[in-house]
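Asker: What follows is the residue order along each chain.
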Amino acid sequence: MIVCVAVVGHQNNPLYLQSFTEADDALKLHHIVHCSLDVIDERVNNPKKIGSVLNETFLGLLYPTENYKVYGYLTNTKVKFILVTRDLDVRDADVRNFFRRFHTAYVDAVSNPFHEPGKKITSRIFAERVSTIVKSFGLSAAV
Amino acid sequence: MEDYGEELRTPPVSLVCLVGLPELHSTITTYLHSEQPPVNTLALPDFSKISIISKKETLDSSTHHPGGILKKDWLLKHRTKIPGVVAALFASDHVYGDPTQWMQVCTDLDNLKAAVRARNIKLVVVVVQSSVKDEASEDRMTALRKRAEIDSKYLLTFPQNDASELKESLNRLGSIFAELANTYYRDEGRRIKTRIEKKNINFMELNVRYCFKVAVYAEFRRDWVEALRFYEEAYHTLREMIGVSTRLPPIQRLVEIKTVAEQLHFKVSTLLLHGGKVLEAMTWFKKHIACYKKLIGAPEVVFLHWEWVSRQFLVFAQLLETCSASIPNTASFPPGMLERSLTEWEFYPAYYYQLAAHYLREKRFCLELALSAPETSAVPTGKDIRNGSDSVVPSVYVGQYARLLEQGDALEMHLADTEYVLYALAEGKRFQDSYEIIALFKKSSESYSSLKAQRMACCCSNLMAIEYFALSDFSNAKQLFDSVASYYRQEGWVTLLWEALGYMRECSRRLKSVKDFIEYSLEMAALPVASGNETQFSEGKGKYGPTGPATLAQREMIHNEVMKLVKGAPVTSSNLEVTADQPLHLEIDLVSPLRAVLLASVAFHDTVVKPGSSTLFTLSLLSQLPHPVEIDQLEIQFNQPICNFTITNAQKPQTEAVSGEQVSRSEIAPALALITNKWLRLTYDVKSEQSGKLECISVIARMGPHFSICCRAESPASMEDLPLWKFEDRVETFPTKDSALSFSGQKVIQVEELDPQVDLLLEATGSALVGERFMVPVTVVSKGHAVHSAELKINLVDARGGGLVSPRETEPSSMDSHHVQLLNVWGPNGEDESQMGPDEIRNIQQSFGLLSVPFLSIGESWSCKLEIKWHKPKPVMLYVSLGYLSHDNEASANKVNIHKSLQIEGKTAVSIGHQLMLPFRRDPLLLTKIKAAPGSDQLATLAFKEKNILIVSAKNCAEIPLRLVSISIEAGKDEIEQSCTVQQGCGSSPKDLPLLLPGEEFKHVFSVIPEVDSLKLGLGEVCLTWMREPNSEEQSPASSTTGVEVRVLTRHKLPDVNVELAPLVVSLECPPHGILGDPFTCYVRIQNQTKLLQEIKYSLADSQSFLLSGSHNDTIFILPKSEHILTYKLVPLSSGPQQLPRVTVTSVRYSAALHPSVTASTVFIFPSKPHLKLDSEATRKTELIATS
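If you read the protein sequences in the order shown, they are chains A and B. Under our numbering, the first residue of the first sequence is numbered 1330, with each subsequent residue one higher. Under our numbering, the first residue of the second sequence is numbered 61, with each subsequent residue one higher.
If you are wondering where the hints come from, they were derived from the structure by calculation, not from laboratory data. One or more of the hints may lead you astray.
[Stated by the list, open to error] Computed list of lysine-lysine pairs in DSSO-like fashion (alpha-carbon distance at most 27 Å, straight line):
| # | chain 1 | residue 1 | chain 2 | residue 2 |
| --- | --- | --- | --- | --- |
| 1 | B | Lys747 | A | Lys1357 |
| 2 | B | Lys131 | B | Lys109 |
| 3 | B | Lys932 | B | Lys1005 |
| 4 | A | Lys1357 | B | Lys347 |
| 5 | B | Lys853 | B | Lys670 |
| 6 | B | Lys258 | B | Lys132 |
| 7 | B | Lys786 | A | Lys1448 |
| 8 | B | Lys786 | A | Lys1357 |
| 9 | B | Lys353 | A | Lys1357 |
| 10 | B | Lys1063 | B | Lys1076 |
| 11 | B | Lys967 | B | Lys934 |
| 12 | B | Lys173 | B | Lys137 |
| 13 | B | Lys1063 | B | Lys1005 |
| 14 | B | Lys346 | A | Lys1357 |
| 15 | A | Lys1357 | B | Lys131 |
| 16 | B | Lys346 | B | Lys512 |
| 17 | B | Lys786 | A | Lys1407 |
| 18 | B | Lys1229 | B | Lys1189 |
| 19 | B | Lys738 | A | Lys1448 |
| 20 | B | Lys1181 | A | Lys1448 |
| 21 | B | Lys512 | A | Lys1407 |
| 22 | B | Lys489 | B | Lys132 |
| 23 | B | Lys967 | B | Lys1063 |
| 24 | B | Lys1076 | B | Lys1005 |
| 25 | B | Lys1181 | B | Lys1151 |
| 26 | B | Lys489 | B | Lys354 |
| 27 | B | Lys797 | B | Lys747 |
| 28 | B | Lys502 | A | Lys1357 |
| 29 | B | Lys934 | B | Lys853 |
| 30 | B | Lys738 | B | Lys712 |
| 31 | A | Lys1357 | A | Lys1407 |
Since we're looking at a predicted model, the values are computed, not measured.
Whenever a hint applies, use it, and build me the whole structure from the sequences.
Answerer: As C-alpha cells, this is what we get:
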C-alpha cells in the first residue's frame, strides 16, 4: 500500500505531498520524504556507484526505514518524485510503472498555462489523478 | 555490545593446564601467550588442586528434559576452567630419585589421570631437569610413560641449563600443546557432532545446544567456516522452536529464545564481519530483523520486544563501527547489488544507530503504556514491585529468570509469567531511556553529518531535541531546534519547520523568554500553511509538536494569542507579558525569517532631486499574518535624521508623542491596517536641504503601548522574494501602484548640489615653450554667491593619459622626474602666495596644488597665476576646481564645486644643431679617419693643436618670434680649461644677435683648438639664452607683474671628439681668386710633424682650365719637424669657379693619401680685374658661410 507520494522541486522544496493513510502520521512522512532527498543527492552526485544507466530516471529503492520503503524518481528538470510504501515485498516493475504514470500526470499538471513553474501544485484534477494511480498500484500486473 | 560477556565478544583461546613446579609457570605462561595463536594457561601449583577440573556427575541429558537451551557459564567454563591439555611437571630428581620420591610421582600421576580421563583431556608429562648432572634413567622414563599411558612423544624432558636450551624446550612444549589442544577440541567437537548426526535427540533445546558447542569447539580450533556453519544451524533450529516448545510459560519462553537468538546472531555477525563478508553480514542482519521483528509477544511486555530490537540495531551498529576499516567501498560492489537489496545508508553505522534510537523510543512508549495500564498499575505500586522482584535473579540458563528461594542453598524455582512481567516492569522502570535515546540520535546525527547527509542528520537532531523537550531540558532542546529550523527554512519544508517552531515557541514559553516567544509565534503565524486537511487533530496529538498540526486554524489561533500579548494582555497559560518595564523591540533585517510578518518596501519616485525641493516617496508594507494587523504608528527613518517623520493611525486614540523625543514631522493616516498579502501603500512628500545621498533606513511599526518592530527598508527594485512564500500559489501584487516603479524604485535618492554662481576662468594663450616659466592666469568671479572658505585645486595630467612621469624616459641627468611641473602660484598682484596667513591652506606639489581663496562678496573677483614649467614637449591637461560654501555656516551648507580644464601644448622653442669642420685648405693626415671602416659610428676626430671650426645653428621651432640674447659654449665640467680652447668665431659679438622669426635659423661659428691629445674630449655645451619677443600690445604676462626672469637658457650638449696628433699636415696656399690670363702661384706645403723621415709621393692631375708649370709627380723625403713646399705657377684659361689641378699626396710610411676637397681646390676666376667695394671682413664672412 502506498502511504505517501511527493513531488520535490529542484531546490529540494516540496511541491506536492499527499499521504494516503488513515493514521495521522503526515508529519512523520514529511520527515521520511525529506530525508530521502539525501539519498537522491548521493546517487545523483555519484552515479557510478549505482552502476545503473545514466539516463535512468528511476532511482530505485532509496532506503528502508522502520516499516516503510522509499522509492525515488528523478525527472530531467531535476524534479523528484518520491513514493513511500508500507509493503514489504514490492516489485520493481510495479514501482516503475507507477512512476511512469505519475510522471505523465505531473507533466499534464505543470503544462497548465495557469501553473507557474516552481510553485506548489494545487490542481485538484492532479490530486484526483494521483489518488487513482495510487489506488491501482500493484494491481497493474493483473491488468 | 558491552552487555555481552567478554567470552562472547572475543574468539575463544585454547586452555592448557600446568600442574606442579610453580616456579616454572610464569615462564611457560608468558611464552604461550606470545605464541601465534596464543594459548591461555591455567596454572595449578600442586597436584592437590587438580580436583577443580574433574567432572561432576551429571544426569544424562539426553533423556531428561533440559532446563534451558544454553547454560550461561558453559562458554566461560571452557575458556577458563576446563583445559584441553594438562601438563604434569615433575622435577627430574624426583623421577630419578629414591623410591619414596618415585612413589609420590606415581601417586600424583594416578590422581591426575583419573581427573583427566573423565573429560578426555590430553595429558603431557614433562620431566624438568634441574641440573646437568642428572643422569637419565631409561627405566624410570619407560615406567613413567607406561604409568601415564601416553605416547612417548608426550613424555618430554625439559632441559633449561642456558637460554638457548630453555628456548628450545619451550618451543617443543608449545608445539606439543598446540597439537594436543587442537586434537582435544576436534575430538570434543566430533563427539558432539555425532550426537547431532544420530538425529535421536529428543529435545530441540539440546540440538541448539550441541550445535552451539560444536561451533565453539570449531572456534577454539580457529575453523571459522565450521563455526559459522554450526552457529547458523543453531540459529535456524532455534527459530523452529518458536511455537513448538512448551517447556516454559509463553512469555518467558519467547524471551529465552530471543536472548539465545541474539547471542547466536551476534556470533554469526561477528564472524561474517571479521571475515570481510560485509554484504553477507548485512543481508544476515536484515533477515534476522525481518524474522524476529514480528514476534512481538504478549501485550504486557511489548516493551521488552522493542528493547530487544533496539539492542539488535545498536549492537550491529557498534560491530560495524569497530570493523569499519574492513568495510569495502560501495563502488566495488557488482552493479545491481545495491538496487536489489541494500541501499547506501545501510552500509553505515549511522543508519543502525538511528533505528536503534527509534526502537528504543518505541520501547519507552510501550513501557509507559504498560505501566499506566490498569491491570499492572492497580496491583503493584512501585514499592511492591521492588519488594517482589528482589528475589528474582537470572537463572543458570541464558535468557531465563528464576526466583531465589533460599539464599544459602541457592535453590531456584521457575517463575510464573505474571511474576516475570512484574519483574520486567520493575526493571524497565529503573532505567532512564531518554538519555540513551539522545546519545544514540547524537551518534547517528554526527555520523550522518560526516557522510554529508544533512537532512538525515537534521532529522536525528530533531528527534534528539524532542527527547530533550520531553526531559524538560528546554535550553538544549531550543538550541537543537534552532539549527534544525534554519535548515528547514532554507529548504522550504514548511510542515517540518512548523513542528520545530512549535517546539521552540513552547521552549521559550517555559524559559520565560518573551521576545523569542513572540518571534516564533509571529513566524509561525506567517508561515505559508494552507487551509488543508484539518481533520482528526485531537486523536494524534502525540505525533505533532506542542502546537498541533500545521493548519490555518492553528495559525489564526497563534496570531490572536500573540497579538493579545503584544497589546499588553498577558498570555493565560504562562506569565509572559509585555509591559512598560519590559518593552519589546523586534528587528527584522533582510535575512530575517520574520520578513513574512512585516515587509517594508520604500521607493522614491525620482532618482535625483534638487535640494530644498520635495519629492514623492512611497512606503509599502506587506504582511502574511492570517488576520489584519492594526498599526498604531509608523516611524520612517532616513540617514538624514532631519527628514524622519511619523505616521499616526487616525483611528487609534492618540497618545501624546513620546516624551523626550524632539518633535519632528508628523503625519496622520486615516487607517493603518495590514491585510494578509495586500500591500499597504502610503505616499508622502520628502524634502531634503542637504545634498548627497538620502536613504530610507528603516521603518518602525508600533503596535500596542510597548511593542515595536523595526523593519529594514528595502528597495522594490532589489527586493528578494519571501523565501517560503515564493513557492506558494498566491496573488502577487506590486508594492507600488506604478508597476514601473516596482521594478526600478530605489530607497536611495541623490540630492544634487546647488548650481554654482561663480565663474572660474582659465586664460592661457597659445602654447608653452619648453624651459620657460609659463604663466596661466586663473580668475574667480563671484556672480550670485558670496564665496566662503573656498579652495582651489589644481591638477596637471598628461593629456595623452598616463602620468607625467615616465620611468623609461627619465634620465639620470634630469634633476626632477616630472616633465611638466607646477612651480608656483602667484597672487593677484604678483606677490608670492607663500606669504599668507597661518590658517590658509597652501600645498603645491609637482603636479598638484591646493590653495585657499579669500572671501569674496558678490560681484568681486580674485585671480592668481599658475607658474608651470615644461621640461619636455608634452601636451598637458590643466584641471582647476573651485569648491566653496555659499553661506558662512559651515555645518549646514554643502560645498559647491566648479570644474574647469584647459589643454596646453608644450613645445620646443629652439632646436640647436652643430657641425665640426677642418680649417680651410689645410688637411692634417688623421690616421684614425683613414683606417676607420666606412659607416662605423665613431666620434669625430680633430687634429691636435690645429684650429678646427665648429658651427652651431639654432632654429626657431615655435610659432612666435624669439629674441636671442646670447650664445656661448660652456665647459660641461672642468676639463675644458686645459683640454681645448674655444673661441668665439670670427667677429660677431653677442650683442647684436638677431630676432628669430618662426622657422628661421641662426648660425654661429666657433673655433676649437684641442690642447690635449685625448681619445675622448668633451667640448662642453652650447648655451643659448633667448626670450619671447615682448609684444607691445600684449604685455608679457610674467615680466611685467612678477619680475620673474623671462630669459630662458637652452642648453645643448656637444658630442665628445677624438683628438690625435696629425703626422703630416698638407696645406694648400693659393690666392682667393684669379684673373683670366693672369698667372698666380700656388703652394702645397707639406709639414712633417713627426720625428721620423717621411717619404712622400705626390702627383698632380692636369686641369683644362689652367696652364700649369711645376713637377707632376715625384717622391720626396721630408726631414723630421720640417716642411717641404711644392710650388706651381698657374695661368687661368677660363673664368668662373674653376677646379685647380688636383694634388694627391701619399705618405709611404702610413700608406695614406691625402686628397684636398673639391671645394678647397676651387678658385673663382674673374674675367677681368674686379673692383671690390666690400670690406674685407664681410667678404670673409660670406666665404665662411658659403663653405658650410
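Asker: Are the Cα atoms of Lys173 (chain B) and Lys137 (chain B) separated by 27 Å or less?
Answerer: holds, 20 Å
Asker: Compare the distance between the alpha carbons of Lys1229 (chain B) and Lys1189 (chain B) with 27 Å, and conclude whether the hinted pair is satisfied.
Answerer: holds, 19 Å
Asker: Given the hint that Lys346 (chain B) pairs with Lys1357 (chain A), test it: the Cα-Cα distance must not exceed 27 Å.
Answerer: holds, 23 Å
Asker: Decide if the proposed pair is consistent with the structure: Lys747 (chain B) and Lys1357 (chain A), CA atoms, cutoff 27 Å inclusive.
Answerer: Not satisfied, since the Cα-Cα distance of roughly 57 Å exceeds 27 Å.
Asker: Quick one, are Lys797 (chain B) and Lys747 (chain B) close enough, alpha carbons at most 27 Å?
Answerer: It holds: about 22 Å lies between the C-alpha atoms, which stays within 27 Å.
Asker: For a C-alpha distance cap of 27 Å, please report whether Lys346 (chain B) and Lys512 (chain B) respect it.
Answerer: It holds: about 25 Å lies between the C-alpha atoms, which stays within 27 Å.
Asker: Holds or violated: Lys738 (chain B) with Lys712 (chain B), Cα cutoff 27 Å?
Answerer: holds, 21 Å
Asker: Does Lys786 (chain B) pair with Lys1357 (chain A) here, judged by a C-alpha cut-off of 27 Å?
Answerer: holds, 25 Å
Asker: Under the criterion that the straight-line Cα-Cα distance not exceed 27 Å, is the pair Lys967 (chain B), Lys1063 (chain B) satisfied?
Answerer: Holds. Lys967 (chain B) to Lys1063 (chain B) sits at ~21 Å (cutoff 27 Å).
Asker: For the pair supplied as a hint, Lys1357 (chain A) and Lys347 (chain B), is the alpha-carbon distance within the 27 Å limit?
Answerer: Since the Cα atoms of Lys1357 (chain A) and Lys347 (chain B) sit roughly 25 Å apart, the hinted pair holds (cutoff 27 Å).
Asker: With a cut-off of 27 Å on the C-alpha distance, tell me whether Lys258 (chain B) and Lys132 (chain B) pass.
Answerer: holds, 26 Å
Asker: Compare the distance between the alpha carbons of Lys512 (chain B) and Lys1407 (chain A) with 27 Å, and conclude whether the hinted pair is satisfied.
Answerer: holds, 20 Å
Hints 1, 3, 15, 20 from the list above are not met by this structure, while the remaining hints are.
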